[in-house]
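K.L.:
Take a look at the letters that make up each chain.
2 protein chains.
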Amino acid sequence: MTTKNFFTVFYLLSPPPGVPPEVFAQNVAEEQTVELPHESIPDRHFETCIVGTVDSITAAKGGAFRVAIRYRNDIAVCSIPQFLNTLFGNISLQNGIKIVGLELPEHCMTAFSGPRRGIDGIRQLLGIYRRPLLSTALKPLGLSCTELAQIAGACARGGIDIIKDDHGINNQHFHPFEERLGRVTEAIAAANASTGGTTLYFPNICGPFEEIESQVHFALRNGIRGILIAPQLVGFDMMHYLAEKYGVMIMAHPSFSGTLFSSPSHGIAPSIFLGTIFRLFGADISIFPSWGGRFAFSRRECAAIAAALTCDLPLRRAFPAPAGGMRLERFDEVAAVYGEETVLLVGGNLLGRSSDHCTSTALFMETIRGRFGEERRQPEEPRGSSCECLPRVERNAAVDDLLRFDDFNWKNRRRTEYKPGEATGFSGVKRIELFGRSGTKTAFDLRYFEIEKGGYSSFEKHLHEHVIIGVRGSGVLFKNGGRLALRPHDIAYIGPFEPHQLRNEHETPFGFYCIVDHNRDWPVSCAPRADYP
Amino acid sequence: MTTKNFFTVFYLLSPPPGVPPEVFAQNVAEEQTVELPHESIPDRHFETCIVGTVDSITAAKGGAFRVAIRYRNDIAVCSIPQFLNTLFGNISLQNGIKIVGLELPEHCMTAFSGPRRGIDGIRQLLGIYRRPLLSTALKPLGLSCTELAQIAGACARGGIDIIKDDHGINNQHFHPFEERLGRVTEAIAAANASTGGTTLYFPNICGPFEEIESQVHFALRNGIRGILIAPQLVGFDMMHYLAEKYGVMIMAHPSFSGTLFSSPSHGIAPSIFLGTIFRLFGADISIFPSWGGRFAFSRRECAAIAAALTCDLPLRRAFPAPAGGMRLERFDEVAAVYGEETVLLVGGNLLGRSSDHCTSTALFMETIRGRFGEERRQPEEPRGSSCECLPRVERNAAVDDLLRFDDFNWKNRRRTEYKPGEATGFSGVKRIELFGRSGTKTAFDLRYFEIEKGGYSSFEKHLHEHVIIGVRGSGVLFKNGGRLALRPHDIAYIGPFEPHQLRNEHETPFGFYCIVDHNRDWPVSCAPRADYP
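These protein sequences, in sequence, are chains Z and F.
Residue numbering for the first sequence follows my numbering, beginning at 2 and increasing consecutively.
Residue numbering for the second sequence follows my numbering, beginning at 2 and increasing consecutively.
Simulated from the structure, these hints should not be mistaken for lab results.
Cβ atoms here follow ideal geometry from the backbone N, Cα and C, with glycine treated the same way.
Where hints are given, some of them may not hold.
[Said to hold, decoys possible] Result set (EDC-like, lysine to aspartate or glutamate): computed pairs, CA atoms no more than 20 Å apart in a straight line:
{"id": "1", "chain 1": "F", "residue 1": "K246", "chain 2": "Z", "residue 2": "E211"}
{"id": "2", "chain 1": "Z", "residue 1": "K246", "chain 2": "F", "residue 2": "D408"}
{"id": "3", "chain 1": "F", "residue 1": "K431", "chain 2": "F", "residue 2": "D402"}
{"id": "4", "chain 1": "Z", "residue 1": "K431", "chain 2": "Z", "residue 2": "E381"}
{"id": "5", "chain 1": "Z", "residue 1": "K462", "chain 2": "F", "residue 2": "D408"}
{"id": "6", "chain 1": "Z", "residue 1": "K442", "chain 2": "F", "residue 2": "E214"}
{"id": "7", "chain 1": "F", "residue 1": "K246", "chain 2": "Z", "residue 2": "E461"}
{"id": "8", "chain 1": "Z", "residue 1": "K246", "chain 2": "F", "residue 2": "D402"}
{"id": "9", "chain 1": "Z", "residue 1": "K442", "chain 2": "F", "residue 2": "E212"}
{"id": "10", "chain 1": "Z", "residue 1": "K462", "chain 2": "F", "residue 2": "E214"}
{"id": "11", "chain 1": "F", "residue 1": "K442", "chain 2": "Z", "residue 2": "E461"}
{"id": "12", "chain 1": "F", "residue 1": "K246", "chain 2": "F", "residue 2": "E302"}
{"id": "13", "chain 1": "F", "residue 1": "K246", "chain 2": "Z", "residue 2": "E214"}
{"id": "14", "chain 1": "Z", "residue 1": "K442", "chain 2": "F", "residue 2": "E499"}
[Said to hold, decoys possible] Between beta-carbon pairs, the in silico distance windows are:
{"id": "15", "chain 1": "F", "residue 1": "G19", "chain 2": "Z", "residue 2": "G224", "range": "46 to 52 Å"}
{"id": "16", "chain 1": "F", "residue 1": "S215", "chain 2": "Z", "residue 2": "R370", "range": "34 to 40 Å"}
{"id": "17", "chain 1": "Z", "residue 1": "S299", "chain 2": "F", "residue 2": "T147", "range": "39 to 45 Å"}
{"id": "18", "chain 1": "F", "residue 1": "T147", "chain 2": "Z", "residue 2": "N410", "range": "51 to 57 Å"}
{"id": "19", "chain 1": "Z", "residue 1": "R415", "chain 2": "F", "residue 2": "E179", "range": "54 to 60 Å"}
{"id": "20", "chain 1": "Z", "residue 1": "T368", "chain 2": "F", "residue 2": "K5", "range": "47 to 53 Å"}
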C-alpha cells in the first residue's frame, strides 16, 4: 500500500500517570479501528494496517506527546459519519486525547468535495472584491415575520452583503419558515432593486428531519442561493447532502460543538474542526466565535481557524466568519488578524446600535471601506436555464388512490386494443395497465385483460409466473397440454416456462386480472396454437 | 401562561471571577434565546418570556451554583435540533456551564415519543425475563462477511440475546452492508432454529446520508427488528425519524459525544445526555461506557444513567447497556449496580476469551443465570396484524393450477378467522392465502380478505405497498385521513407508510383481494382507529 491509501491524524496525547506514551498511542490506534484487547487482535490486522499505525511520537509541552497515527482510507473515507467516527468516535469518551492535525491525500479530500462556491464563488455572486464582507443575523427570536423583514430590508438598504437568520429561528409559530422566508426575501429584493445592491439571504435550515428538504425546496423556488446550517444539530452528512444535491451554498454554524474545544488536553482543535473539517464537508462560510467577545477562543486559535479555511488545499477556499461579540470599536484589531478574505458577522452591535438599522449598517460598511477600499465588478448573472435548481423528480410520483370501476373500465386508465391485423400470435385482446407502471414501487404489476368472442392471447412461456383471476364471462386457459375453464373469481396459476394461452370460446367478453412480477423476463413464443387440443 | 408551557433546564454554573451568579445565569438565559446584548432586548421579550427565565439560583459545591432556567416550549420543542440548540447550542462554546437536570411537561415528552418498544417490548420479543440480557459486538473491522457470520452464529448458539455490529463496521468493502447483513442474519436464524433461541441482530446503520434509508429498507425486508445508530454521527433527528417511520428498535451508541462529559464544570451530565435525552429521542437501548473499563465514567455516573433510562416517566423505559471493558471477572460488581433491567454489552472479553465463541457465550450466560435465574415465556408472536408477514412455505411444493371459486371460498385454500378475543387491533377479519405462500416463486402474494359487518383491519403502515381489488359487498378504506368507498372491482392503492385501515360499515360481508410484495417489511401499528374520521 502506498501513502495514498492512508490519511494521518495528529494527536496531542496526555497519558495517565504511569502509562508510557507508546502504549497510550497504540491504544488510541486500536480503539479507533478494531476495538479489541491487544492480545485478541489477529496478526493479519496489523500486517494489513487495518489497525491504525502509530508513525511517530514526539515530546510536546507540559508532559504531552504529539503523535501521528495513520489510518487506511478505506476504513473511514466511505462516509462522513464513519470518518468522524474514526477520527474521534470512542476516544471522545476517554481523556487526554486532542486532535491537532489532519492530513489527507488529495483524492480523499476531493471525495468529500469541499465548498461548492467558496470565497471566489461568493464574491462572483456579489460582485464585491478586496474587502471583508459584512453579515448580520436576523433576531431576536419571537419577532413577527414582518418585523424580521423590516430589519432585513433596512440592513440591505444600508449595503450589507449577507443576512442570515439567527440560528435559533426556524419554524416557530412566531415566524413560520415559509412566511418568514417569503417576507424577508421580498424585503431584500426590494432593497437590492432600489440600491443596485446584491445582498444575499441565508435562511436557517433546522426543521424536523422530514421537513428539511421541503424547506430547501421552498427556499430554492424563492431564489435562495445559500442556507445557514448547524451540522452538529442536523448532522454533517445532511449538510453535505443538501450542498451536493441542491448546489446551495453553506454557511455552517458551530452550535452544540463547543465541548470539543473547551479542554486544552481533550477534544479537537478549533482550527481542525471549524476549519479543516467544516471546509472538507462543504462549508462555504464557517462561523466561529472570535476572541475578545463573549466566547472562549484565543486570538491565535481564531487565526488558525481562518488559516485552515483559506490555506492552499485541493479544495475551494472557505470564508472565515468571526462572530460573537464583534463590535465596531474592535474593527481595526479584528481586521488586522483576518484581512480581507473574511465575513464579519456582527449581530447585537449592529442591530442594537440604533433602531435605524440602515444607518448602523452604513456606518459599518463605511468603516470597512475606509480601511480596505472596495473593488466592484459585474456580479455573476444568475443562471436562466430551465434545469436550474429544479428539485429531483420524486421517486414517489403521485399514484392514484383509487381506480373506480365503471363497466370493466377504470377511471384514469386507458384500454389498449391490439390490432388484429398484425401477425403477433394473438387476436381480440384488450389490455389495461392498472397498477405497477405509474409511480408505484411494487414488486408486481396488476393488469386487466379482456378477450372478445373467438379471441386468444399469445401462446408463450417465460420464467415469470402468472396469477389470473376471472372477472367477467368465461374463458379457457390452455397450459401443459390441458384446458381449464375460468369463470369469475376462479384463480389460475401459470408456472415458470409453462406454455400457455387464454381463449374466449363464448359469445360474451372474457375478462380477467393478471398479476405478474414487475421485473420479468421476455416471453418466448411457443409452437402454434394448433398444437393445442 | 401555565407551567405546562415551559420546560426547565438545571445548570451547574461556575461564573468567571468577578461575575455575580445572577448576571452569569441571566447571560445564559439570553444567549440561548434572543442572543442580543441585554440592553437591546425589547421589553415585551421579557414580559412574554421569550427570553429564558432564571427561576432559582442556589450555591453548590466548589463555588458553583445550581441554576434553574425556564424556557417556553414553543421556542424549542418544535424539533430535535432546535431543542438541543436551546439546551446547549451557543453556550457550548463558553465555559463553566454544565447541564445537570431537565424537566419537561408530559405533553412535551410524548411529542418526542421516546422508545417504541423499550424494555418491556424487547423482552416480549425475546420471551426472556428476570435477568440481564447479554449482548456482544461483531468485530473486528476488516474480517470477511463469512467470518463475521461465523462469530454471530457461534454466539447465537451459545445463547446470546442480542448481537450488534461494531459501530465502526458499516459498508466498507471488506464487509459490504447487504452481504454482511444477509450472511449474519442467516447464521443467527440457523442457530435460533437449532437451539430454539430468539437471538436478535442489530446491524449498524451509518452510511452516507443517501444510503441510510435504503440500508434500513434492506434490513426490514430481511426481518431485522432493530438497528444500531450513533446519533452524534448521523444526527439525532435521523435516529428519531427512522424509529418513527419504520418502527425499528434503536440501540443508540455514544460515539463522538465524549467531550460533552469530560469536564466536571462544562458540558452535559452523562445521565442527562445518554439517559434522559437518548430515551426522549427514541433509544430503546442506550450504550454507555461503564466504570472500571477503559473509559472515564464513575460508578455513580453510570448508575445515574441507568436510573434516567428506567425511571418513571410518561415514556417507555429503555435498557441501559453498559459497555467498554466489561469482563466476566467483574460480573458480580456490575450486576450489583445495574440489576436485572440491563443489557450487558461484552465485546473483547467474550470474543477474545477463546476462539470458541459458543462456549465463551455459554459461560457468560451461565454466570448470568447463576446469579439471576431466568424466566422464559412464549416470545411475542411477531405477526399480530391483518397485514402480517407469514413465513414462506415450501417454495418447490406442487402448485395448484386452479383454485375453483365457490361462494367466496376457493378449493384447496383454508379460510382463517382471527379470534375476536385477541386485542390485536382488528376485528371480524377472515383471510385466505391464495397464491404466494404455497410453492410459487412470484415476487407477490395474492390474498383474499373478508370483513364482516362492523369489522375492521389493523390500523397500520409499512414500507410495502398494497393493491386492493373489491370483490363483494362494499367497504371503506381509510388512509391519510381520508375515506374511500370500495365496491366490487374498484381498485385501491396504499403507498409506502400510508397509515391505513379497512372497515365494513354495511350489513353484508365486504370481500377484497389484496396483492403485496412477497418479501416485505413488518407493519407498524398506528394510533387507535378512533383518530380517524
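K.L.:
Now tell me if each hint is right for this structure.
P.N.:
Checked hints:
1. F/K246 to Z/E211: holds (10 Å)
2. Z/K246 to F/D408: Status violated; Cα separation ~55 Å.
3. F/K431 to F/D402: violated (23 Å)
4. Z/K431 to Z/E381: violated (57 Å)
5. Z/K462 to F/D408: Not OK: Z/K462 and F/D408 at ~32 Å, beyond 20 Å, violated.
6. Z/K442 to F/E214: Holds, because 15 Å separates the two Cα atoms, which is no more than 20 Å.
7. F/K246 to Z/E461: violated (43 Å)
8. Z/K246 to F/D402: Violated. Z/K246 to F/D402 sits at ~50 Å, over the 20 Å cutoff.
9. Z/K442 to F/E212: holds (18 Å)
10. Z/K462 to F/E214: This hinted pair is violated, its Cα atoms lying about 37 Å apart.
11. F/K442 to Z/E461: holds (19 Å)
12. F/K246 to F/E302: Given that 20 Å is the threshold and the Cα spacing comes to 33 Å, the pair is violated.
13. F/K246 to Z/E214: holds (16 Å)
14. Z/K442 to F/E499: The given pair, whose Cα atoms are some 14 Å apart, holds under the 20 Å limit.
15. F/G19 to Z/G224: 46 to 52 Å: holds (49 Å)
16. F/S215 to Z/R370: 34 to 40 Å: violated (52 Å)
17. Z/S299 to F/T147: 39 to 45 Å: For Z/S299 and F/T147 the Cβ distance comes to about 52 Å; the hint is violated.
18. F/T147 to Z/N410: 51 to 57 Å: At 55 Å between Cβs, range holds.
19. Z/R415 to F/E179: 54 to 60 Å: Given about 38 Å between the Cβ atoms, the range is violated.
20. Z/T368 to F/K5: 47 to 53 Å: The hinted range 47 to 53 Å holds for Z/T368 and F/K5, with Cβ atoms some 48 Å apart.
The structure does not agree with the numbered hints 2, 3, 4, 5, 7, 8, 10, 12, 16, 17, 19 stated previously, though it agrees with the rest.
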